[in-house]
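**Student:** Going down the list, the sequences are from chains A and B. Residue numbering for the first sequence follows the numbering used here, starting at 15 and increasing by one per position. Residue numbering for the second sequence follows the numbering used here, starting at 5 and increasing by one per position.
To give an idea of the chain A side of the interface with chain B (calculated C-beta under 10 Å), a few residues:
no., residue
1, Ala20
2, Thr29
3, Ala32
4, Ser192
5, Leu243
So, partial list: chain A residues that the calculated Cβ filter (under 10 Å) puts toward chain B:
no., residue
6, Val120
7, Ala139
8, Asn143
9, Leu225
Per the computed footprint, the stretches of chain B lying under chain A, defined by three or more beta-carbons under 8 Å from a beta-carbon of chain A, are:
no., region
10, 72-81
11, 121-130
12, 335-344
13, 367-373
14, 379-387
15, 524-530
None of these hints come from the bench; they were simulated from the model. Beta carbons are placed, not taken as given, at the ideal position from N, Cα and C, and that holds for glycine.
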Amino acid sequence: MRGLAARHAAAVAVTAFAVLPIVFVVSAALDPIGTLNSATLVPRGAGFGNAVKLFTTTPFWTWYRNSLVVSGLTAALSVAVSALAAYAFSRFRFAGRRAGLVSLLVIQAFPQFLAIVPLYVIFSAISDNWPEFGLDSVWGVVLLYIGGQVGVNTWLIKGFFDSIPKELDDAMLIDGCSHTQAFRRVVLPLAAPVLAISGLLVFIATINEFLIASVFLTGDDARTLAVGLFGLLADQRNANFGMFAVGTLLTAIPTVAVFQFLQRYIVHGLTAGAVKG
Amino acid sequence: MTVTHGSGLRPGRHGSPSGSGGAASGGGGARSGAGRSRTTGPGSTAATLGRVLALGLIVGVALWAAAPLVSAGNRLGVGIVAVVTAAALYVYLSPRRLPAKYLLPTTLLLLAFQVFPVLYTMSLALTNVGDGHLGTKQEAIAAIEASSVRREAGSAEYRLTVAEQGGALVFLLADPARRRAYAGTADGLREIGGATFGPGGRVTAADGYTVLTPAQAAARGEEIGSLSVPVDGGAIRAQGLTRAYEGRATLAYDADCDCVKGGNRVWRADDEHGRFTAPDGGALPQGWKVGVGWANLTAAVTNPKINTHFLGVFAWNLFYAVAVVGLTAALGVAAALVLHHPRMRGVRIYRTLIVLPYAMPAFAMLLVWRDMFNTDFGLVNRLLGLDVDWLGTPLTARASVLLVQLWLGFPYMFLVATGALQTIPAEYLEAAQVDGASAWQRFRTITLPLLLLALAPLLVSSFAFNFNNFNGVFLVTAGGPFPSDNPTVGATDLLITYTFRLAFGQQGAQYGLASAISIYVYLIVAVISVAGFRRTRAFKEVR
Numbered sequence: 015m016r017g018l019a020a021r022h023a024a025a026v027a028v029t030a031f032a033v034l035p036i037v038f039v040v041s042a043a044l045d046p047i048g049t050l051n052s053a054t055l056v057p058r059g060a061g062f063g064n065a066v067k068l069f070t071t072t073p074f075w076t077w078y079r080n081s082l083v084v085s086g087l088t089a090a091l092s093v094a095v096s097a098l099a100a101y102a103f104s105r106f107r108f109a110g111r112r113a114g115l116v117s118l119l120v121i122q123a124f125p126q127f128l129a130i131v132p133l134y135v136i137f138s139a140i141s142d143n144w145p146e147f148g149l150d151s152v153w154g155v156v157l158l159y160i161g162g163q164v165g166v167n168t169w170l171i172k173g174f175f176d177s178i179p180k181e182l183d184d185a186m187l188i189d190g191c192s193h194t195q196a197f198r199r200v201v202l203p204l205a206a207p208v209l210a211i212s213g214l215l216v217f218i219a220t221i222n223e224f225l226i227a228s229v230f231l232t233g234d235d236a237r238t239l240a241v242g243l244f245g246l247l248a249d250q251r252n253a254n255f256g257m258f259a260v261g262t263l264l265t266a267i268p269t270v271a272v273f274q275f276l277q278r279y280i281v282h283g284l285t286a287g288a289v290k291g
Numbered sequence: 005m006t007v008t009h010g011s012g013l014r015p016g017r018h019g020s021p022s023g024s025g026g027a028a029s030g031g032g033g034a035r036s037g038a039g040r041s042r043t044t045g046p047g048s049t050a051a052t053l054g055r056v057l058a059l060g061l062i063v064g065v066a067l068w069a070a071a072p073l074v075s076a077g078n079r080l081g082v083g084i085v086a087v088v089t090a091a092a093l094y095v096y097l098s099p100r101r102l103p104a105k106y107l108l109p110t111t112l113l114l115l116a117f118q119v120f121p122v123l124y125t126m127s128l129a130l131t132n133v134g135d136g137h138l139g140t141k142q143e144a145i146a147a148i149e150a151s152s153v154r155r156e157a158g159s160a161e162y163r164l165t166v167a168e169q170g171g172a173l174v175f176l177l178a179d180p181a182r183r184r185a186y187a188g189t190a191d192g193l194r195e196i197g198g199a200t201f202g203p204g205g206r207v208t209a210a211d212g213y214t215v216l217t218p219a220q221a222a223a224r225g226e227e228i229g230s231l232s233v234p235v236d237g238g239a240i241r242a243q244g245l246t247r248a249y250e251g252r253a254t255l256a257y258d259a260d261c262d263c264v265k266g267g268n269r270v271w272r273a274d275d276e277h278g279r280f281t282a283p284d285g286g287a288l289p290q291g292w293k294v295g296v297g298w299a300n301l302t303a304a305v306t307n308p309k310i311n312t313h314f315l316g317v318f319a320w321n322l323f324y325a326v327a328v329v330g331l332t333a334a335l336g337v338a339a340a341l342v343l344h345h346p347r348m349r350g351v352r353i354y355r356t357l358i359v360l361p362y363a364m365p366a367f368a369m370l371l372v373w374r375d376m377f378n379t380d381f382g383l384v385n386r387l388l389g390l391d392v393d394w395l396g397t398p399l400t401a402r403a404s405v406l407l408v409q410l411w412l413g414f415p416y417m418f419l420v421a422t423g424a425l426q427t428i429p430a431e432y433l434e435a436a437q438v439d440g441a442s443a444w445q446r447f448r449t450i451t452l453p454l455l456l457l458a459l460a461p462l463l464v465s466s467f468a469f470n471f472n473n474f475n476g477v478f479l480v481t482a483g484g485p486f487p488s489d490n491p492t493v494g495a496t497d498l499l500i501t502y503t504f505r506l507a508f509g510q511q512g513a514q515y516g517l518a519s520a521i522s523i524y525v526y527l528i529v530a531v532i533s534v535a536g537f538r539r540t541r542a543f544k545e546v547r
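Whenever a hint applies, use it, and build me the whole structure from the sequences.
**Tutor:** This is how it looks when you write it as C-alpha cells:
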C-alpha cells in the first residue's frame, strides 16, 4: 500500500510539472489586467477582457484562418505526395531505388530554413512570374513546407507499407486490378494509422513553424498565428501577455481537434517515430 | 509521342482474367480503342479517362506557367518548364507501369525546395557574399558613384513631386525656369509631356504616373532619400520631399587604372576580396561578390577567431541534444512505469493531464516559458521566492532551455512508453519472479531492454531534431546570455542559431560564412541520420 502511495505522489509531481505552465497560461488569459507582471498561477478574477481585446485590436481570426489553411493543406498534400512515393519505394523494384532512398534520407537532413537566402531568391523569382505562389501567398509557403517535409514522411510511410504483406496486393493484381487500384483499395486503407500520424505530425510542425513564416508571410493578410502572436509579444511584451495567452489557448484547439479526429487511426502509428518542439 | 491505349498491354497487369493480353496488343497505340477497353478489364476506361485528364491538366499547367516567362523573355525559365512538362507527359501518358508515376511529385518538390537551396547554399559558401558584397562589380561602382554625389554651388535645382508607376518610385521634376517636366528613376532621366503644373511650379499630375500624397511620400521617406537619378557626371537626389538638386559625383571610376578616384585619393580594385582599397588600407564600404574558394569552409575550422566559437558551440550543441533525449526519455519512461500498476487508480486522469503539453502550441509555450523565467515578474521566481536572473547567466540559462525542452518533449516519450509497456507480455515478468528475480532485476533485464527496443527509433529522430532545435533555443534565450566582450556567441547557442545570427544578425550579414557553417551543420546531421538509420535497422533485425 505504501508503494501505491509513493506512486501517486510521483504521479502528482509529474502531472504538476506538466500542467503548471498551462494553468499559468489559463490564468493569464482570464486575468482582468492582462499583463505579464499581473499574471498569477491562480487567477484573481475571471473575465473575457483579454479575449475581446485580442479580437478587436488584432486581426486574430485572419491569422487563425491562415494557420489552419496552411497547416491543413500542408498536412493533407504532403501525406498524399509522400504516400505515392512511399508506395513506389515499397512495392516497385527499379534501378536507383536504393540510391533514391538514401538520397532522400540525406537530402531531408538539411534544415530547410538554413537555406533561407536561396529560398528567398527562389520566391522572389516566383513572385515576379506567378504571384499566386510567391511571397505572402499561402500556396507558396505550402509548397515550400511540403518540399521540406516530404522526405521524412516518405521514409515513415514506406516503413509501414513494407509491413503490409505484399501478397495482399499481389492477390489484387492477379484478380485483374491495376497497381493504382491495389494501392488505393488495399495499401492505403491498411496504412491509415501511419497516414494519420504523419498528417498529425506535419500539422503540428507546420502550425508551430515560425522562421520561414516570419520571412515569407509578412503581409497583414498573410500572417500566421506563430508570426502574429510573436509580434504581439515583440511589440509590448508585458502589456499584451493576456492577449497572447488567449491566443495560445485558442491555437491549441485545432491541434487537439486534429488529434481527436485522427486518434482512432493513431494507436498503432504512434511508435513510428516523432518529436515535438 | 503516341498516346497508347491502356488496356491489357501494361506489364503491371499480369494475368488479367479476361486474357486480353494478346488480343488487346493489336489495338495498342490506338486511342480509338476506348470503347473496347470496357470489356478488356476493370479500370481500363477509367485509366484512359485518367490519362486524358492528366494530359489536359499537364498541358494546362504548363501553358499557365510558361505564359509569364515567355512574355518576360526568360529563356531559362521556359526551358525548365518545357523539360518538366515533357517529363510529366512522358511519365503519365505512358501505359507502362512506371515507378516514376508515383515519384514525380516528390522529386519535383524536393528538387525545387530542398536540393536547389542546398546547392545554392554551397555555392554561396564559396563566395564572400554578405552586406557590402551583394552584387556585381558594376553595381558596386554605380553605388559608389551615386552615394558620393555632393551638391555644388550653383548646380541645377528642381521642384520635386514624388510619384509612382507600377509600384516603383518616380521623381517628377519640374524645372521652373524653363517650365519643363522630367521623370527620373534609377534608370535615368527623361522629359515628359502633358504634365500639369501647380502653384510654385511643381508638377501636380502627369499621364501614367500616380502622384503620392504627402503622407504616402513621408512613409516612403527612406526610399526617397536613397533614390538617385543618374545624369551625366552626377545624379539628381531629393532634398526633403519637395526639392531635388543635381549634384556632382565626388568619386569616379577610372577603367584605365581599374580604380576609383576622388579628391586626391585613389582606391584600387582588389579583385581577390571584392572591394576598392586605398594604399593606407582603408576600403570603400561598397564591394562586390567574388569567389573566395574554400576560405569560408577552412575559416570555420582554422581561423582562431571563429573556430573557438565553432567548437564550443558544437560541444554544447551535442550535449544539449543528448541531454534532451536522455531527460525526456527518462522522465517519460519513469512516468509511464509509475502509472503501470494493476491497482493504480486515476490512471486515465493522470495520462490525460500529462499529455497536455503535447497539445499546446510549442512556439507559444516557448515564449511563455521565457517569460516565466523573467527575473522581475516571472512565475518561477515568484513561486520559489527567488530573485535569480535565470536567462542571464550561462549555467542557469542552459539549465532553463533544457528544462523547457524536457517539458515539451517528455509527454510524447511517456505516450510511447505507455504503449510499449502494455505490449510486454506479463508472462516474462512472472517467470522471472518465479525464478526469484528482484523487482529491480526484472526491470533491468526484461522491461528496460524491451522498452528501449520500442523507443530506439524515436530516440534517434529526437536526437536529430533537437540537434537543430532552432525554436527551442531561439525563442527562449535567443542564444544568450552573451559575454560582454563577444556579442556573436551566446552560452545557449546551438550551431543553427549561431549560423542564423551570422547570416541575419546585427553585425551585418555574412551569408558566405553562414553558408559554410550550415554546410558543416548539414554534414553532421546527415551523418547522424544515416548512422541512426543503420542502427534502427539493426534493432529491427534483432526483433
